[in-house]
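Could you build the full structure based on these sequences and the hints that come with them?
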Amino acid sequence: MSDVYSKVELSIECTNLKDLDTFSKSDPAVFLFQKKGREWIKLGRTELIENNLNPKFATTFTLKYHFEEIQDLKFIVYDIDDKKHIDNPKNQDIIGEMTCTLADIVAAGQRYERKLRHKGEPRGGIRITVEEVQDSKFDVTLQLSASKLDKKDFFGKSDPFFVISKVQEGGEFTVVYRSNPIMKTLNPKWPRFTIGSQKLCSGDWDRTLKITVSDWNSDGSEDLIGEALFSLKDITKRGGSVSQVELINPELKKKKSKYTNSGVIHFGSVCTTPVHSFMDYIKGGCQVSLMVAIDFTASNGKPTNPTSLHYNDPQRDNEYVTAIKSVASVLVPYDTDQMFPVFGFGAKFRQNGEVSHCFPLNFNPQNPEVYGLEGILGSYWYALSMVDLHGPTNFSSFLDTAKKYASTGVTQERQQYYILLVITDGEITDMQNTIDRIVAASTLPLSIVIVGVGGANFSKMEILDADDNPLVDKYNKKMERDIVQFVPLREYQSRAGANFSLAKETLAEIPGQLLSFMRSKGIKPNPPPLRAQQSFREGGPGQAPYPSGGPGQAPYPTGGPGQAPYPTGGPGQAPYPTGGPGQAPYPTGGPGQAPYPTGGPGQAPYPTGGPGQAPYPTGGPGQAPYPTGGPGQAPYPTGGPGQAPYPTGGPGQAPYPTGGPGKAPYPTVGPGQAPYPTGGPGQAPYPTGGPGQASN
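When the letters of the sequence shown are read in order and numbered with full-length UniProt numbering, they come out as residues 1 to 696.
These are computed hints drawn from the structure, not numbers from a lab.
Just to be clear, a hint being listed does not mean it is correct.
Here are the simulated EDC-like cross-link-like pairs (lysine to aspartate or glutamate), alpha carbons at most 20 Å apart as the crow flies [claimed, not checked]: (1) K56 / E97; (2) K325 / E491; (3) K184 / D223; (4) K90 / E50; (5) K83 / E47; (6) K521 / E354; (7) K148 / D159; (8) K151 / D215; (9) K325 / D79; (10) K460 / E491; (11) K25 / D82; (12) K56 / D79; (13) K460 / D436; (14) K42 / E97.
Distance windows between CB atoms, simulated [stated by the list, open to error]: (15) K83 / W205: 36 to 46 Å; (16) K233 / N180: 21 to 31 Å; (17) D468 / G44: 34 to 44 Å; (18) D388 / Q315: 22 to 32 Å.
Ideal Cβ positions, reconstructed from N, Cα and C, are used throughout, including at glycine.
Right, dumping it as structure tokens:
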């Protein structure tokens, strides 16, 4: 597995800190902690700045940034009272603290700003600036030739090839590059090649390198022609076009007193070019956008059966939810609008019997996107209440849809890369069509991550992974680059930190795949965008702030024409969604109201969620959905005194339906989306839409 990472340097400043001292200002220092398992480990602290409520610290923190990991960080600002024991936080007073992930900081660009709080009280703001630490990463392109090589073949000339090795700390040499032989020549000119500086010389211009030229034999044996030592610094100082070294054969040199050399190596051209990192693209504004496709085939088992892979167990997440949370939670911070298209495949619609191999889980084909991780999970549970599991397991339809998203056109100015997360329990039934789509998609800014759930045979998925054997379509066209990663969930379920391990395994190859695509198109990172001064905001780990709130920006998206924005609630109510970890993504109603209904008899609740979360409705037989809605009843909820119902809709829009028996409820969705299906008898599952939208 890849262990690619970037080193990042974090610089800290604070503003408007609360003054905890009576006769002077506070003496702040910032302590940084990182979560390891269930514990917070101290990584270090800044220097102390005395009598300052707006400190700018000189001490920086250097961390390894892994794209595929959730790296939780906590910044605590202390007022240092006990200067003799400054490194012991227990002896100091907390001014305020802020928790986030390293991905949040990186995805924000150059500057990440948040409020500091202590026991719920605002205590000022913290501003974190991030820079990548450059470790002399560059590519080296070499053009090598040789002249007057010794003749080794009895009936002809030599068949020379060369090997480059680098010296290790113990003095041994490790091979870093091997050329192909050029047949029957004593004056070969090998093709130009490019190698990374880390591999060639560990980024060290003075590292000793050895070139060995040998004669190739058809039986696999090699005859040494000669060897020479050099460094990258040597051959670049010599100007490239005239650089050369003599090849020496140690055995011949011992035997022949007049021995000079066994030929000469010429470095025809030596070029070094800087290597752009994944982080360079992210800081330059490249969006990493997630799409999700979920298996709704019958092999998963009936969702109401506790053995089903789709069963909603109130005690633990099912395998689909585990995969979504593990992988999606890593990717969410890199998408600024937090809107994700989510599709299902292999389901039969209850109302018309139609089988679909690619349908939006919010049942809005005009806008299949949902907001955030909560939206992905909410639409998944809602779709389970609206369809029957069917089959077969066809991938080609949703791959076509993913290709359309990724075909929108990536340019130097508009940089975007897509990741399709596929969660499935079975063997593919349209294998050749799937291969054809993947080969075609290998030219697009797209990576495909497949997570296998359950205990099925996933041998075909291993073929799609194509680490060793590139896929070839029916026209004998080979895939341009490896874009598929397959991981069976069962290999991680028994491990401690299973979610962490799964995400790390599935996403470790993504940075390299993004870089290979950008290089193939000649697209370089853009400079970090200029950002307007922002107010300090709230934010939980792995979540983008909501609202984002720059100057002149509305706190919530206002949606399409005729659509209402996210409701803000009545006085004293928190806006929707409230954001931080552990909070319910949907409102639980007004004071004294029960949570949303859990469905009719024999039905699994929709869904019960994690501990402390409100369940969602299923609209079981004979039950009225929310709102409770008989004629003349107010919509749900009516709120407290003086509060508006939730929500009343925008101009021209009706409030959430009052409903009658047998109708399915409307779940809440992301901004700019049409409502969910009306669910009356004989009606199609797709919504009628807002003004100007076509009905289905």
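Going through the hints against the structure:
no., hint, in the structure
1, K56 / E97, "16 Å, holds"
2, K325 / E491, "17 Å, holds"
3, K184 / D223, "14 Å, holds"
4, K90 / E50, "19 Å, holds"
5, K83 / E47, "11 Å, holds"
6, K521 / E354, "41 Å, violated"
7, K148 / D159, "13 Å, holds"
8, K151 / D215, "9 Å, holds"
9, K325 / D79, "37 Å, violated"
10, K460 / E491, "17 Å, holds"
11, K25 / D82, "15 Å, holds"
12, K56 / D79, "15 Å, holds"
13, K460 / D436, "14 Å, holds"
14, K42 / E97, "14 Å, holds"
15, K83 / W205: 36 to 46 Å, "44 Å, holds"
16, K233 / N180: 21 to 31 Å, "27 Å, holds"
17, D468 / G44: 34 to 44 Å, "43 Å, holds"
18, D388 / Q315: 22 to 32 Å, "26 Å, holds"
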